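A.B. asks: Sequence:
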Amino acid sequence: MNGGAGRTVASIPAFEKLYEKDKDFIIVCEGGMEFYKGHPQLHELAYDHWHKNLFKDYIKDRDCITPEPYRVWEYYNQKCSLAQAFDIAINNEGLREVPDPKIYMNKHELVQGYKMVEEIKAVTGKDKVLVFQPFGRTAENMGDFIIDGSSRSFHLNDVIRICKDLRDDYAIIIMSEFPITIEENTKVPVAVPQVPDVRVWSSVIQIADHFLGCDSLGQHMAKALGTTCTSVIGSTYPINISYPNSPDFDIIDLGEGKRKFSPIRLTMEDEIERYNDEVMELTDESFKKIVSSVRKRLGKPRSYQGTYKPQEQQGEVCPTHGVVHKNDAGVTHAKQPAQILGRTGK
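Counting in our numbering, the sequence shown runs from 17 upward without gaps.
Simulated from the structure, these hints should not be mistaken for lab results.
A hint or two may mislead.
Listed below are the simulated PhoX-like cross-link pairs for lysine-lysine, each with C-alpha atoms no more than 25 Å apart in a straight line [what the hints assert, rightly or not]:
no., residue 1, residue 2
1, K137, K123
2, K316, K203
3, K325, K203
4, K312, K137
5, K305, K276
6, K180, K137
7, K118, K53
8, K180, K305
9, K131, K144
10, K39, K53
11, K68, K39
12, K316, K131
13, K203, K137
14, K180, K316
15, K72, K53
16, K304, K316
17, K95, K33
18, K305, K144
Values in this document were obtained by computation on a predicted structure and should not be read as measured data.
Sequences are here, hints too, so could you generate the full structure?
C.D. replies: Have a look at this one:
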């Protein structure tokens, strides 16, 4: 298995189908096995690609295949979803219905997500929480700009505009590997936590009230965890990468009638990316559709009534006194000779 975490989640139903008829296989995970963890059948069959003696002990005497859903005919002709394309590639049973993917969380992960969500509720004073993932895997940071050459992500200005509209009524958590600065409002901040563990993000999405995203990992996580979702689609097709028949999903297809199919992992055609370049830009009408979908799913705003109190930031332990000094403790320290001289002390 290669590719991003969204592909891993989408592959789960196909591997479950394979397990029903043949249990003698393993899954080598080039992009990490995070979303197979905890799965009652697949966890013990999944290996990170750096696992010790993986080739000698597990691969050498087996046939090796790499399923590529983007190269399945039904996929690039908009006849099937990503999960169905994995099923065709892995099980060779043709186009058929597959179950929704499932992610299995443990208590530790759930508590981490719960604490993060409750802290953000307590700080903002809002009881309903939206997780917003504005950027897909192909987005990149270029100085002051975040751009996505494949036109699958929101534009940064639109991200800020959406947050400004919603934050007075709901707590917002931005799911992004890039730091984002929303115009400061000390009373109602927008949270942009830097959380590297995608399983903690799974817990946050499961506990949150709604998810807003694009063609990205988060919408697959929302589907697997039973969280409602507003999915905004640009250069790709909803039938391929989202869940247009799900009652829990609102699909806002910005690219309908405007895009050309982008043959990702098939060809590298510059003309198609240029043609689709502006497809994710929001008009006033599409902006209203997105915000209306989120507000309808979240319902009437209400104030946070919980008792959670954010923990105070802990300082570093003083090497002289062996304790953490409070800011108002009035403790001063003489500079060490090495600090005065700017040397190591030798």
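A.B. asks: If a hint holds in the structure, say so; if it does not, say that too.
C.D. replies: Comparing the hints with the structure gives:
no.	hint	verdict
1	K137 with K123	21 Å, holds
2	K316 with K203	20 Å, holds
3	K325 with K203	16 Å, holds
4	K312 with K137	20 Å, holds
5	K305 with K276	23 Å, holds
6	K180 with K137	17 Å, holds
7	K118 with K53	11 Å, holds
8	K180 with K305	15 Å, holds
9	K131 with K144	15 Å, holds
10	K39 with K53	17 Å, holds
11	K68 with K39	22 Å, holds
12	K316 with K131	23 Å, holds
13	K203 with K137	12 Å, holds
14	K180 with K316	17 Å, holds
15	K72 with K53	23 Å, holds
16	K304 with K316	17 Å, holds
17	K95 with K33	20 Å, holds
18	K305 with K144	20 Å, holds
The structure shown violates none of the earlier numbered hints.
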